[in-house]
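Asks: With the sequences and hints as input, model every part of the structure.
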Amino acid sequence: MGKLQEFDITFKDNKVVYSPGESLSGTLKITTTEALLCKDIKVNCQGFCGVTSKSNDTAWMVEEQYFSSTLSVADKGTLKPGDHSFPFMFLIPASVPTSFEGNYGKVMYRVRAFIDTPRFSKDYKVEKPFYLLSLLNLNDVPDIHGCSSSSVTKKFTYLLGVKTGTVVLKAHSDMKGYTPGQVIQLTTELHNQSGKTTGTVVACLIQKVTYQTKKPTIDLRTLVQVEGAGVKAGKQAEWKEQIIVPPLPQSSLADCGLINMEYFIQISLKSPEASFLLPIHIGNISVDTTSARPSRPPPPTTDPSRSSANPTKLQNSRRSEPSSQDQETPTTPCPYPHPAPKPVPRIRVSTSSPASPSAPPAEMDYLVMGAKGQAPPSHSSLRAVPTPSQPSTHSCLLSTAPQHSHMRLLPAMSRAVAATHKTAS
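Quick note, in full-length UniProt numbering, the sequence shown goes up one by one and the last residue is 425.
Worth flagging that the hints you see were computed from the coordinates, not collected in a lab. Be careful, since some hints might not be right.
Stated by the list, open to error - Straight-line Cα separation of at most 25 Å, PhoX-like style, residue types lysine-lysine; simulated pairs:
#1 LYS128 / LYS106
#2 LYS270 / LYS163
#3 LYS106 / LYS155
#4 LYS196 / LYS232
#5 LYS240 / LYS154
#6 LYS196 / LYS155
#7 LYS208 / LYS170
#8 LYS270 / LYS235
#9 LYS170 / LYS154
#10 LYS39 / LYS128
#11 LYS196 / LYS154
#12 LYS15 / LYS128
#13 LYS29 / LYS12
#14 LYS3 / LYS128
#15 LYS122 / LYS80
#16 LYS235 / LYS170
#17 LYS106 / LYS270
#18 LYS15 / LYS106
#19 LYS106 / LYS125
#20 LYS76 / LYS3
#21 LYS232 / LYS154
#22 LYS240 / LYS270
#23 LYS39 / LYS122
#24 LYS176 / LYS208
#25 LYS122 / LYS12
#26 LYS106 / LYS54
#27 LYS15 / LYS42
#28 LYS29 / LYS76
#29 LYS232 / LYS270
#30 LYS80 / LYS125
Replies: Next comes the structure, spelled out in structure tokens:
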């Protein structure tokens, strides 16, 4: 490094993960072995997004800058031999997207330092990245409550076109939004209205990333895949499957106009070929399922004296009464008024899956988490629809990680996300 023995940037408390609107502070450390003439020493904090149409290419075709702040920490002069420290502080804007890195683009944040020397002398530059985590509350997503469902009917021919048949494929998930670590409860029904056994049923968790270049570039990745057996001729079966959501970036990169993120569950039948998509959302704060269920109104009360006085009229009025609470009060006076009995409170049980923190750093690994202390089974299959006399509670748990992955989850990012989620909860 010539005259420089040390030229480094350190963040306060070695922190590398920040939130929008938070301040970032640190120190620029310079150690020189001899006197160094300099015109200026600057520190710059920058956030930007770059996309390209070539995989892993850093020559960006389109760029989008979110902020760039520069601070001059030393004016023109001479740095004497020895150690020098220059503190700095920047305020991160409140509306900036989460850090992300993909095959064709990235959302990146960094702090850079420059030593501008006189003419014919060597300039010096150093940079250090940091990561931004913006939490996505799934409860703020429109129409997030309920399940995601779809179906398809496929007509096909077999036996060299001599015979025709129809298959009906239906599927639904238990929710529309999930956080990493939560389990997707998937139910698939297959009606085989033909004389031929169908092929296997496959369910895949798919990530779709769209990079807005001159011609949009779409990157599709299969994150998890599970498979069930086919259905025999003239039969129908129900397939229940569980998919654990791996650590993934959130569905939408808010305030980013160049990268769009989407997630789907693809249900497909290999023979005959049929498929459809169930859109879902991945976030950081789980869906509050209790707030989506309105309380049931208490049952209407009746007066025993009216029942004894005219039971036929009371029976007819019951048939015509609306089910809502705002019923009209009967005009017929009660000869023997009695206080209405108190309605018995109804107990409603609601379940809510615990929120799990997600991990959207600049680099992450699409790992599939297994059940606690349990290995996933080697296969899953379709099962016949249980009858009332033969209840079935069997459910398979199987998750398969993609064979090729280019991302990894930084330990510092993972710990910071976990701490952030506990605070949010």
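Asks: Against the structure shown, which of the earlier numbered hints fail to hold, in ascending order?
Replies: Of the numbered hints, 3, 17, 25 do not hold.
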